[in-house]
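There are 2 protein chains.
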Amino acid sequence: MKKYGFGVDIGGTTCKLGLFETTGTLLEKWEITTDTKDNGKNILSDIAKSLDEKMKEQIIPKEDIEGIGIGLPGPVRRDGVVPVCVNLGWKNVNVAREMEELMGGIKVKAANDANVAALGEMWQGGGRGCKSLVMVTLGTGVGCGIIIDGEIVPGSNGAGGEIGHITVNHHETVPCNCGRKGCLEQYASATGIVRIAREHLAKGHESSLLDEIGEISAKAVFDVYKDGDETAAAIVEEFAYVLGNALSNLACVLDPEVFVIGGGVSKAGKPLLDAVEKHYRKAAFSSCDSIRFALASLGNDAGMYGCVRLILE
Amino acid sequence: MKKYGFGVDIGGTTCKLGLFETTGTLLEKWEITTDTKDNGKNILSDIAKSLDEKMKEQIIPKEDIEGIGIGLPGPVRRDGVVPVCVNLGWKNVNVAREMEELMGGIKVKAANDANVAALGEMWQGGGRGCKSLVMVTLGTGVGCGIIIDGEIVPGSNGAGGEIGHITVNHHETVPCNCGRKGCLEQYASATGIVRIAREHLAKGHESSLLDEIGEISAKAVFDVYKDGDETAAAIVEEFAYVLGNALSNLACVLDPEVFVIGGGVSKAGKPLLDAVEKHYRKAAFSSCDSIRFALASLGNDAGMYGCVRLILE
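Protein sequence lines, in the order shown, are assigned to chains W and G.
If you're matching positions, the first sequence starts at 3 in our numbering and goes up one per residue.
If you're matching positions, the second sequence starts at 3 in our numbering and goes up one per residue.
Pulled out of the complex, with its shape left as it was, chain W reads as follows:
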């Protein structure tokens, strides 16, 4: 194993780059802007230039680089081809091969960003020590990365871990962004929590949430929940019931060692984890009683960590 590796987490606005020791230590991280113009044709060369500069600056010869891992917001086929990535403007881009050419033959691997984040949390985060893990990312939507026996489960159409679109309520009348109705992310995302909160407030329930000026946010719900607000408790209970039950169903399919909860909403911390785990324990199939719950611990760096882990296989 060579001494260094690069993790590159490409987002629609910025690319996060990290220089790691292959033992798992993040030495330095920085960002560059994602240039999506002309169907994102400059993205990879911009990254290559930035990595080259870093190697010169740190006086690291190519021979000391184990490889470059790349995460991106779309499906990546096993052969390293991205069939389509709306956020980057890409169509049929062979990320791994193009980047290898740009970097003079350094090994490159690419995968979906939700999946590399899960791999990162397995390697150095909340799922450390585990080989099978489901990472659930509670943000604007509900993302998920599945790792079985140390390997990402990307799915045959790149839809592995699209648990945000599991139908949890067949009686829902409001459509999800995907066009269907009753998807998990209509309840268990930041957006979903705000929606549940609005419904509770519309019923005239009293809450210090009403004191918040302007927007209601998932963060505000958890903040006043921690202060003992009863309406917030009912909102959190509804959110946690839906998510805990969905994860109990997921356990009957994958039976992972641990559920790692991440994303912006998870900043609410242990009270959130406890609420979800309570409903999971109530609903879980007996064989899956021992599955653990953990908070993600790498934050926005999880993807970069996972990218590096990807090249160590």
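Given that identical chains are not distinguished, each listed pair holds provided it fits within a single copy or across any two copies.
Each computed EDC-like pair below joins lysine to aspartate or glutamate, with the alpha-carbon atoms no more than 16 Å apart:
| no. | residue 1 | residue 2 |
| --- | --- | --- |
| 1 | Lys133 | Asp81 |
| 2 | Lys133 | Glu153 |
| 3 | Lys272 | Glu239 |
Hints are computed from structural coordinates only; laboratory data are not their basis.
Following the hints, position chain G against chain W.
Showing chain G alone in chain W's frame:
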């Protein structure tokens, strides 16, 4: 690769044994009784004796045997140990090692029976040509084996693929065998179909099912369904709705290439498959539209095939 392999599917009553060419041809199959007395201590030696006899009879030297694959009705750990198998009376049996010793060092691998059946259907059955597959077995209960990238997903507690215990109805009042309420197998198994049928008949709906003397069976429901019976159509619709929707949720998790439907109920054939697939297509997340449905084609031999596939890895 050596020329021959043995597949051994151990059940609570009989063990199915098969002599295969490692190219995938079943040359000969036979059965022996499973001797469960004294905590099943004779099971493996009985099998070893029977395999030895077959090798002598067919004049096959040990050197021509690639290995022996074993399927059994319980969880098998990665190290080949069966922590507990109620149907065989086993506790902490290292199947692989004990069998290797009994067979003079021939390579042995063991796995759960539902999982080897899925592997068998992937290798030579309804999922031929695929590397990722979910096999759903509709029998007394709902069994399932998951294969991702050619590998079984056993789960960290042996509960991988326990989809029969996914909760599909939070309003169910009748308990499942597992003690929880609203499990998939309360609707989508042979038992579940009979239960749905009884509910429909109790409402006084007319049906030629009423002409059946004695017991109503899932087979009878599908027989009269094919003859255009309206009540049977309503029963099948209810069954297919529940299963099709459950599989659409499973697709958002695993995104396999194909769902293979097997087990006794699947003998109803294409009309059953069509009914389930119709509800799947209605409910499926768009990225999972292309997932195929297929009938299992190896029947009770699927386990033996999968056992042989297991040793080819």
